[in-house]
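Asks: Please model the complete structure; the sequences and the hints are all you need to start from.
Sequence lines, in order, name chains A and E.
Numbered according to the working numbering, the first sequence spans residues 1 to 686.
Numbered according to the working numbering, the second sequence spans residues 1 to 686.
You can trust all of the hints, since none of them are fake.
Which copy is meant is left open, so a pair is good if it fits within one copy or across any two.
In silico DSS-like cross-links for lysine-lysine, where the CA-CA straight-line distance does not exceed 30 Å:
id, residue 1, residue 2
1, Lys642, Lys201
2, Lys201, Lys576
3, Lys500, Lys597
4, Lys284, Lys36
5, Lys631, Lys201
6, Lys631, Lys536
7, Lys125, Lys284
8, Lys560, Lys536
Rather than coming from a laboratory, the hints here were simulated on the basis of the structure.
2 protein chains.
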Amino acid sequence: MIDFALLIVIAICIVALGLAAILARNLLSQDEGTPKMREVSDAIRVGAEAFIKRQYSTIAMLTIVFAVVIFAVYYLTGQGALALSTAAAFIVGAACSAVAGVVAMWIAVRTNIRTASAAQTSDGKALDFSFRGGAISGLIITSMSLLGVSLTYIALGADPIHTPFVIIGFAFGASFVALFAQLGGGIYTKAADVGADIVGKVEAGIPEDDVRNPATIADLVGDNVGDCAGRGADLFESTAAENIGAMILGVALFPIFGVNGILFPIIMCSLGLLASMIGILSVKGVDGADPMDAMNRGYYITALISAFFLAGGVYYLLGATPGWMYFVLAGFVGIALSVAFLRVTLYYTDHHYRPVQDIANASETGAGTNIIMGFSVGLETTFVPAILIGVSLLLSYWCGTMTGVPQGGLYGTAVATIGMLMVCAYVLTMDTFGPIADNAGGIVEMSGAPDEVRHRMDKLDAAGNTTKALTKGYAIGSASLAVFLLFNAYMADIAKLTGKAFDIVNLANINVFVGALIGAMLVFLFASLAIRAVSKTAQYVIEEVRVQFRDPAIMAGTKKPDYARVIDITTQGALKNMVLPGALVILFPIVIGVTMKYEALAGFLMVATITGILLALILNNSGGAWDNAKKYIETGVHGGKKSEAHKAAVIGDTVGDPFKDTAGPSLHVLIKLLATLTLVLAPLFI
Amino acid sequence: MIDFALLIVIAICIVALGLAAILARNLLSQDEGTPKMREVSDAIRVGAEAFIKRQYSTIAMLTIVFAVVIFAVYYLTGQGALALSTAAAFIVGAACSAVAGVVAMWIAVRTNIRTASAAQTSDGKALDFSFRGGAISGLIITSMSLLGVSLTYIALGADPIHTPFVIIGFAFGASFVALFAQLGGGIYTKAADVGADIVGKVEAGIPEDDVRNPATIADLVGDNVGDCAGRGADLFESTAAENIGAMILGVALFPIFGVNGILFPIIMCSLGLLASMIGILSVKGVDGADPMDAMNRGYYITALISAFFLAGGVYYLLGATPGWMYFVLAGFVGIALSVAFLRVTLYYTDHHYRPVQDIANASETGAGTNIIMGFSVGLETTFVPAILIGVSLLLSYWCGTMTGVPQGGLYGTAVATIGMLMVCAYVLTMDTFGPIADNAGGIVEMSGAPDEVRHRMDKLDAAGNTTKALTKGYAIGSASLAVFLLFNAYMADIAKLTGKAFDIVNLANINVFVGALIGAMLVFLFASLAIRAVSKTAQYVIEEVRVQFRDPAIMAGTKKPDYARVIDITTQGALKNMVLPGALVILFPIVIGVTMKYEALAGFLMVATITGILLALILNNSGGAWDNAKKYIETGVHGGKKSEAHKAAVIGDTVGDPFKDTAGPSLHVLIKLLATLTLVLAPLFI
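Replies: This is the structure:
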């Protein structure tokens, strides 16, 4: 019998999808701007759709191969009964993630032109359009994740004790797609960006988004496939993996809470989706106001309503323990952490604060000092977040212990994670708003719109940069809080398979220590390969653009450059170069696990996760800070545009590009991929 | 009764000091070159001695304060009997390190002028002088370390069961001095270098080592205080800490090997010192030959003789177990690892191989791509070393297990570490050769010597760059192999204090996990502050040089710039800015240990160590690769000097400077400092 609570989850998801449909219908009926705007927008749309099509074809093939591997692993290790269901869950997870990503992008590339058109008359309207375009993504991605988990749970028998261990296949499918979506998209976006900048801005001396530059359209396509589809897949996976991890922990509490403890995560996330809908609808653009004000207000509304829902949800579902109030507190820790992470990210990447100003100052003595200072800031940004994560983990664990429930501490960290995840749909909305605004800005620029329209879009574009940085902070923060529960899900899984307790991962054991060392190394190696992939792909772009620039008609602006060719070259390069880093992080843990067994693999997993979290912070925040130091100088300080300081800051920005948009976000995915991979392939490691 | 073996150690050390004295007397009797050379050399000598005097005064004060802290910790935790001896050992360790560093530097700043003078007629002779100058340092530092440990052991009662736990105070004293010596020296050398380059090369467009640049002398002083005194203190500490750590492990084997197992480490190291003396004396400069050939031959001779001594030493001292042959194999693993690490470092930092060539290629499209590629190479350089360390640890552990001795596995890793340490004096010789050659090159340049003399010195200088990179590889390799035994020494110490077995550090325990997270973060934060300190200090230098450049007489070359003022400013800046990072890494583990107790601190220590090893590799190797990519372009490829590619490569080199000469080497020290600190303050954490 299907639990009544599951019906609530499904109902809320359907409402969310309905809201997304209404918003989409409304948006698509809006004006599509001037013919020149449409021309640019069409080129972006065609390019993005072509990339996505090819990328997901590649991913689909890889998914089928890996599904066979999963089936074989289960079949050959005597777990035949689970083989088909785990492999099927894997494919469903991968498919749901792909569908969510494709639909979200479909909307985004249609919203940019309407935002650009709205900017001709009103910046409030432009904010409304781009924000709602983002909302459609946020709602679809989150509800697809929740629906997928719920329906897979039902399809696999809805047995509260066994099913959670099978639906991890779903989470791994989502991780698998996210890895390649983020890597491929991240490589694409930055290769096009770096290539366009180096030949256009540096070598030929023409402005950004100049129509004569054949790489500009590829650059704008990149914003969609990297930021939009990539981060969408990332947070789709987060919700899936963390919900399922928490459900597995719930199994241990079955004697106390019954099925409530197992379904708690997805029910709360669906309530969070409801809260996000209210938050989204509360945002209303006002002409002349700072767009961040409206979006921040919406965020606080979402967080506040989520907190109420959380308290109510804990009372109804986990009220069986007299100490339930402590679970509420644990959830509040999670919500508070999400707010704290946004504030800290803002501090490190906004030009109102010391770090970005230090980098801008250092630009006066050249690119060398700009880079040194930026890297130093990046390393520094691990400090407060690590303390915040540590304190949140300890506090939510302590809360859980105070409930008096056995294993309550662990469940406390799960409740905190769920609390943080509740605002996910709203955060995704803010995130997708970024590339839409960025694209609309590009369209306005390339279509030669009047200055006042450009100014309106510049303001939105700047807000988009801020929200993109904030979302990365949120993504890494929620991943950090979740990892401890994912480790424990892995250990519960191993214990179930071996029939022996597994609760010690002894770093003083030389195998575990070596596993940990290799795990930390893998993170650095992966980042190296991801950054290198951008370099390599950018090289193809640079060569092609140089060839086209040799045509005097293109430079004179009398002949249209061949945008499609650059898009094609970037697509091929990105897909080719994503394979090595992707394959590496899938094969490495398998090799370690098979040769050194499950305890060493746990050490590998945990220390890789710690290193991954910190390196992602370094790469994301240094990249964001370099970017904003450049923008800060462009406001006129330190000599403004065209000054020596600005040239130095442009170099810093170029260095930061693959850090913050390729390697950093791919590390978010890596962390969760390692957790779901080890969970799914656990039978291999015993 | 003093063991006969200890007398051998002391005798070999006295022989080594005697050889150093003979070499020094011979060297000091050599020609001191032209008056112009002497003028430059005198300025360097005075500057270096002034810095060292002020630096060690600061360190001495800090040492006394900390000695009081140690005394108080032991006294107040009911370990009063050990309070005085541990604090005294700490002071003696600090003093020995300081004396060794000061004497080595005293020789180095007197060797540079004699090398410069020799280069007027013969490059073979110039190599002989600079190499022997390095040998004096190597012999003094190594024998002071061994003598210090032996005599402290005797002075504290030579009780094989208890004394090893007390003389860790000596190792901590050495670590303490090394931290500040390396940090202060590293900040000094790079602040002067970056400052000189930015105002001189970049802003004023005058060549490196130009007499008109007031920061040149400070730059040359920096080579002595950073590379020479800094790395000397680093390896002094390595020998001390690793010997004592291995002695503590020997205590557990006392029933089988008696006192032999405890004295084994220092006896083997003294035999290694003997082997190094033979290796040193085998090096003979030949006019026109590649200086690396002679030095490499000497290195292989040292390694080979060490291997023989090792086999003999194991047979005599550990022959009580029928499986002693396996300990010999474990030792060979260590010697092999030292060779492997040198080869790998060479691969990553020499322009004959792909990594440096990739960076040089990337320079063609500007500083941005140069930095991206260099950073990617740096991240990549963790791969092979981590695998090598992992395999060596597992292999030597396995060898130890095969001996059939209980706890033999652990002792196997200790024997491997000792094997690696045996060649220490020779490696230190090659290392100190570097700054001497560099300084001699500067003197030749600034004294306006003829071109042929410059060419002779350029060759030596290039070899010095290689040996400096290799030594860093060796230093981090030996530290990596040693950490596992140091952890176990900590755990043995805690077990001794609590009277309970302590052999599990459970990462699945949330306290341990959070400790591990904070430990990894500390490493990044420390690197950030170390790099920032260079930036800040360089800023003072830049301002002063700019002021002096405003004087037209200085720029015209008719008035001598005020070198002393820059030296003074750099000294003050370096000493001021070393305090924050230094204090941080001492206070952080104490806070974690006191609040979260010994198991969480063990997690902190282990994961900080893993992260520290990998980050040090990244920083050292990327810095080395950037430096050599610039030098490679200067040989004429990619347009050679003055090309755009060269300008880009100069920026990369500037970025790499604080990486490879400040933060990276300071991390070597940090790793061992954390280990000795936790050992000495163990009573606080229970």
